[in-house]
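Enquirer: What follows is each chain in one-letter form.
There are 4 protein chains.
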Amino acid sequence: MSENKNGRKNRIPRGYLHEDSEKRIEWINNEHDFEFQNLLPNQPEDLKGIIENHVGYMQIPMAIVGPAIIEGKYAKGKFPIPICTLEGTLAASMNRGLYASSLCGGMKVKHFRQELSRAPIFIFDDLKKSEDFQAWINEHVEKIIKAAQSTTNYGKVLRIDQHIIQNYVLLDFILDTGNAAGQNMVTLATNVACEYIRQETGYDFFLDSNLASDKKASSRNMILGRGHGVIAETHITKSVMARVLNVDPDFLIKNWTYFPIVSAMAGTLGNAIHASNALTAIYLATGQDTACVAENSVGHFTIEKVDDGLTWRLTLPSLTVGTVGGGTRLNQQQQNLQLLGCDSSEYSSRKLAEIIAAAALGLEISLGSAIMSHTWTSAHMKYGRK
Amino acid sequence: MSENKNGRKNRIPRGYLHEDSEKRIEWINNEHDFEFQNLLPNQPEDLKGIIENHVGYMQIPMAIVGPAIIEGKYAKGKFPIPICTLEGTLAASMNRGLYASSLCGGMKVKHFRQELSRAPIFIFDDLKKSEDFQAWINEHVEKIIKAAQSTTNYGKVLRIDQHIIQNYVLLDFILDTGNAAGQNMVTLATNVACEYIRQETGYDFFLDSNLASDKKASSRNMILGRGHGVIAETHITKSVMARVLNVDPDFLIKNWTYFPIVSAMAGTLGNAIHASNALTAIYLATGQDTACVAENSVGHFTIEKVDDGLTWRLTLPSLTVGTVGGGTRLNQQQQNLQLLGCDSSEYSSRKLAEIIAAAALGLEISLGSAIMSHTWTSAHMKYGRK
Amino acid sequence: MSENKNGRKNRIPRGYLHEDSEKRIEWINNEHDFEFQNLLPNQPEDLKGIIENHVGYMQIPMAIVGPAIIEGKYAKGKFPIPICTLEGTLAASMNRGLYASSLCGGMKVKHFRQELSRAPIFIFDDLKKSEDFQAWINEHVEKIIKAAQSTTNYGKVLRIDQHIIQNYVLLDFILDTGNAAGQNMVTLATNVACEYIRQETGYDFFLDSNLASDKKASSRNMILGRGHGVIAETHITKSVMARVLNVDPDFLIKNWTYFPIVSAMAGTLGNAIHASNALTAIYLATGQDTACVAENSVGHFTIEKVDDGLTWRLTLPSLTVGTVGGGTRLNQQQQNLQLLGCDSSEYSSRKLAEIIAAAALGLEISLGSAIMSHTWTSAHMKYGRK
Amino acid sequence: MSENKNGRKNRIPRGYLHEDSEKRIEWINNEHDFEFQNLLPNQPEDLKGIIENHVGYMQIPMAIVGPAIIEGKYAKGKFPIPICTLEGTLAASMNRGLYASSLCGGMKVKHFRQELSRAPIFIFDDLKKSEDFQAWINEHVEKIIKAAQSTTNYGKVLRIDQHIIQNYVLLDFILDTGNAAGQNMVTLATNVACEYIRQETGYDFFLDSNLASDKKASSRNMILGRGHGVIAETHITKSVMARVLNVDPDFLIKNWTYFPIVSAMAGTLGNAIHASNALTAIYLATGQDTACVAENSVGHFTIEKVDDGLTWRLTLPSLTVGTVGGGTRLNQQQQNLQLLGCDSSEYSSRKLAEIIAAAALGLEISLGSAIMSHTWTSAHMKYGRK
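Chains as they are written, first to last, in the numbering used here: chain G, 3 to 388; chain B, 3 to 388; chain W, 3 to 388; chain A, 3 to 388.
This is chain G alone, in the form it adopts within the complex (with noise of 0.2 angstroms):
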């Protein structure tokens, strides 16, 4: 951590023109002891695996912010948090929410599961057929498990859950995907498990129930978890938040009660305010699918009275981030994931998951403030228009 975290003189500068960009770059290199580089693109040959009819490459903003303090598990240290956004205030906001939470220590972060999970159904002409067939997966559960894990040296197959409804069968392969998102994983890795069954038993099967409900936000998700599920922690003092924030803690305990309130009115899945922002920022960043988004933003978010400040805390129960694979190989993708300490070592997912809990943490601490400041409407006058 750096001597001087209190002060604002390793802060990001400031700015719109040209050469302030140079002078985030030169921040970036500093602080973080890096060199980055205006990459080139990559060659339309590279993109197979990741787009098909290529024509080009779409130009999406970037910006650094943070750096977030974290201690994670996998993840310790400072981090720039790079991210793409066309949503003026969202860079200024979540830099603002790090700051805060930097100012008293940081970030603790906390992975604990990663599973994802791919569903097929097997659908019977009866009931009894169905049951049969249950038994026989009971009894074949260990050839079963072999089948899947004969198609990766790099995940693990951690189990098979079954669901039974009506004249259905769903089997829930759950995976440990190292450092791969895994979606393509997992999907062979049950496949060829079904396959196997198919050829056992006869009956067949569609690979996918929608009981994974991949890019869907869905409660399956929400209480089983899909993906990576990590915990974001930070408490700020009070006079931190009047500093920074611009809010009195008391203030928040009091009123903030009405969000969860409202959001269970609305049927929204989970509390979380808006973590959407902060993954799609991140995911564009460092070549994430970000279509996941959807299914990866459901989060719980509160606020505890801790001292005379309060205590935030994020919880995202489905993250289907990894490090190697898909848009990760590509030279800018790959160099956002350098920058995070996040290109290589066993657990590297795991630790872009911390990290990006964290940042979602930061902005979730931002905009609760904003809304409960009444400051919402005048930052984006002030950020969001030209």
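No lab work stands behind these hints, which were simulated from the structure alone.
Treat the hints with care, as some may be off.
Because identical chains cannot be distinguished in the list, a pair is counted as satisfied if it fits within a single copy or across any two copies.
With a straight-line cut-off of 27 angstroms between C-alpha atoms, the simulated BS3-like cross-links for lysine-lysine are [what the hints assert, rightly or not]:
(1) Lys50 x Lys131
(2) Lys240 x Lys307
(3) Lys78 x Lys130
(4) Lys131 x Lys145
(5) Lys25 x Lys307
(6) Lys384 x Lys240
(7) Lys256 x Lys240
(8) Lys307 x Lys256
(9) Lys148 x Lys384
(10) Lys158 x Lys388
(11) Lys131 x Lys307
(12) Lys148 x Lys50
(13) Lys80 x Lys131
(14) Lys80 x Lys388
(15) Lys130 x Lys25
(16) Lys256 x Lys388
(17) Lys256 x Lys78
(18) Lys50 x Lys388
(19) Lys240 x Lys131
(20) Lys148 x Lys240
(21) Lys148 x Lys158
(22) Lys80 x Lys25
Knowing the structure of chain G, use the given hints to seat chains B, W and A on it.
Expert: Same frame as chain G, but now just chains B, W and A:
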């Protein structure tokens, strides 16, 4: 519509080579009478209102698919769809669905609603006060609407709905935001109106109750809509389904029945398969706020047997897209809007919403067929890996 | 309100002996100026319209709790609450909550809506036809309302909302059903109106789309309400909480915060603790359709620190109760309605809805306190076993 | 099964006269070899553990319907179903559905799970402490289970699931409660186990986190189940459908598709039509806790075309019913359990759960057919009014 719409000659060229990309740009230019340019990114100075702390641009691969043949209220004709993704298979898959549709006459699309909302909360000491407040609101509703309307020449305040729970009064401000996505517009209008209420009544408010569930999937937005509501519909014959989609209509009718049932069990909102994929891809290419996908990708998807084929339908009740302001003013994003004919004209945001719905239905058709024909895995093994 | 409301002398006598039951009936008669009779059940012939294949009567144990002190729009005064249950502890618990409230002045209750709905579905071949249909509906809405209104002198057709998804048009008929619960009233009115539409347009319909979600918990009914919407509120001081509820206000404020968060995770609708218990108990005693509890028990529950005590609030947005028709005309049920002063008068169903909300809040207060004070188990071990 | 199952001669006599009721009791006695008695209610002294503040009994009309022909794992044979309701048409409707099924061989039923849960919450100051706690739990899980198991000879502690969000650890105690509904059993077992944890670790808890969502519909209980999970299935031929249900299988297959779609839009949990009606009616007749219907009535309902008829299925994942303890020990309730053969025997609660699922499917069949054949209104006009 092309004379040769059933032939292959005007289909998008394939391949991963540099010259294949160039052929596709030629295809765009020839087929759609366009001059697609390799534009430089905007200057940092242009990014005010779009991003703070800018350091550069991420190059997100862009593809072209289609053309989508659309007969909508606002979108009429042949549309090449620019999309950005990192998920191998997605472009090919959307292309396949749109192609199958185009062979049978294309998509019918219906824009049926444009109502962006923002729902502030007023909190009262007791029920008596909340009741008096409601009475006051009912008496002054015209003045409140006038205050909101005073903030915009562009949008139109349609009405203010009231929702009462506990000691809260939620005022749901509903605006037609014209061609703007309108999040800032509705925020400002609501804030000014609530400030008027505060001055007159002395009651304070928070600008966001979460009933509008900005950037989160919610029942409120599924039922009542937020932004644009659009329905896409296309009929595909048995023979085209066999040839292009590898599935039989009767087989789908019989088996797809499990999908809404398991979706209900998983607790997704609606029954769309992966609308988030299409939305993310087009949002990135057209300067939309991609984080909105979490909110916008809730949808209803069904198939119906008609004659010997299937009619496919997708409702997207909540699309917060626009064609002016925000990221749409950047060079490349603007060029893609021009390609879609959505850069100007009275109802270009509605036109864009219709195009998005058509493209999203194309993608649903293809994935639904892939799941049913057991080609989902093989397609991803082919297109989803290096 | 009784002069001795802080004393014990007018509380309900306790005990499981026959004479204890008699003392309680005396208490009802004395305290509430009533003549509670041990009525014979109705004759089988009276059951037409209520049950087919009648063979007898189940004797469901009934208790008396309260009195609830209520200051509502329609319910004003002291109300002894007749309830039926088989769950030991429930009567004692509701009694405790109501007693604590009564020591502090009782319940404020606000009836804020009465809108029973029935939502038929019209299904169309294509989007064009559904659009033409909507246009026709908009032109003929007055005639359609007139047709619906022609079926009842008693209820009032308030409006018809339209919801559009896929090739469906849902017409949501909204009625004020007066003192009737009104399920048959709204069904008949809707059916006649839809028959008129069918005759005029040739389009067929199904009377139930499930949007009204009759007898099921749903987001639609939580957000928009169905039947009566009522809020109950009571403030209980720190000293009464300590003495009657064994909990400290600050301890509750600090700890209850987990409840809406875990509720969101579990995927309940709303955050009430067990409104179903109170509703079932009163519905059985007053001739309501108890199966409606599945739909009606969705609620919002909060606590707020005010002065040194807590203000407790419960919103029940969807109570389909009535005081005429159905089971309310049976001897005993009618007697209990009389006991509550809900057997006649212009707004007796609204009065009943207010009493139910107050009683339900009493039960929430008691269970919430029991969970927080670790006495939940011991209470059930004491009252829930032989 | 009766020799004359296709004939009318052994059907339940109809009519609203006193002698009709008597004929029906004769029918019960003759057809089911029973001696149905007009029992006196229990003495007040018997009500300890069932109700406090007893003042008398509500007479709730009871009917008999069926017989249901059931081939389950536990329920096998012909069952007359005793039900209580105040909704005219309900008894006739359930009777109709069961009759149609019985003409085609009756119901197949499969009990597939019995897992009652209670989920206490432990709350921690920070993530570090919650992690240490989890480690401790994992090390001591056998002792914790032993502590829980020590409270009951009757039930069996199956396992303890852990769920982690924010600074909470939820321990989900899962019990097979034998023939008891088991709510008190699981509460006591969990409490004793948590007291053991508290003594050993010093960490306090609240016994209910609401994850178990006792008496509320929830996604957790729909996905993971609570209490008994049961599936009922019956095939009804085209001709029986035409004659008894007035609908054509193909017409239903074509049109029922809207039901799960609109259910998703309305935000119900699952797609059952009105399982709450059947559950409430049987719960009242058999001494169950009727408030549990709010939780138990979540279900999955589908139709499938098989041969020329339809196979109907209903899954009820969460039935908290029992055949010992609570209200089941009252005179009349016990008599009805005897009538169903559920008063004793090793798996009588599972048998009861199977009977309930069959009866509920009977009612679904009838209402689904009524909606599709436009006879719903006329049936209610005939049976639902004086």
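Enquirer: Each hint should be assessed against the structure and marked as holding or not.
Expert: Checked hints:
1. Lys50 x Lys131: neither (43 angstroms within a copy, 44 angstroms between copies)
2. Lys240 x Lys307: both (10 angstroms within a copy, 21 angstroms between copies)
3. Lys78 x Lys130: between (54 angstroms within a copy, 15 angstroms between copies)
4. Lys131 x Lys145: So lysine 131 and lysine 145 pass the 27 angstroms test inside one copy only (21 angstroms; across, 39 angstroms).
5. Lys25 x Lys307: For lysine 25 and lysine 307, the Cα distance exceeds 27 angstroms both inside one copy (38 angstroms) and across copies (50 angstroms).
6. Lys384 x Lys240: Answer is within; shortest intra-copy Cα gap is 26 angstroms, inter-copy 46 angstroms.
7. Lys256 x Lys240: Answer is both: 15 angstroms inside a copy and 18 angstroms across each meet the 27 angstroms cutoff.
8. Lys307 x Lys256: Both: 10 angstroms inside a copy, 8 angstroms across copies.
9. Lys148 x Lys384: Between copies only: 24 angstroms across, 58 angstroms inside.
10. Lys158 x Lys388: between (50 angstroms within a copy, 22 angstroms between copies)
11. Lys131 x Lys307: between (56 angstroms within a copy, 17 angstroms between copies)
12. Lys148 x Lys50: The answer is neither: 30 angstroms in one copy and 55 angstroms across copies each exceed 27 angstroms.
13. Lys80 x Lys131: between (57 angstroms within a copy, 23 angstroms between copies)
14. Lys80 x Lys388: Close neither inside one copy (32 angstroms) nor across copies (34 angstroms); limit 27 angstroms.
15. Lys130 x Lys25: Classified as neither: same-chain Cα gap 70 angstroms, cross-chain 38 angstroms, threshold 27 angstroms.
16. Lys256 x Lys388: For lysine 256 and lysine 388, the Cα distance exceeds 27 angstroms both inside one copy (36 angstroms) and across copies (44 angstroms).
17. Lys256 x Lys78: So lysine 256 and lysine 78 fail the 27 angstroms test inside a copy (33 angstroms) and across (31 angstroms) alike.
18. Lys50 x Lys388: So lysine 50 and lysine 388 pass the 27 angstroms test across copies only (5 angstroms; inside, 38 angstroms).
19. Lys240 x Lys131: between (63 angstroms within a copy, 24 angstroms between copies)
20. Lys148 x Lys240: Classified as neither: same-chain Cα gap 55 angstroms, cross-chain 39 angstroms, threshold 27 angstroms.
21. Lys148 x Lys158: within (10 angstroms within a copy, 32 angstroms between copies)
22. Lys80 x Lys25: within (19 angstroms within a copy, 46 angstroms between copies)
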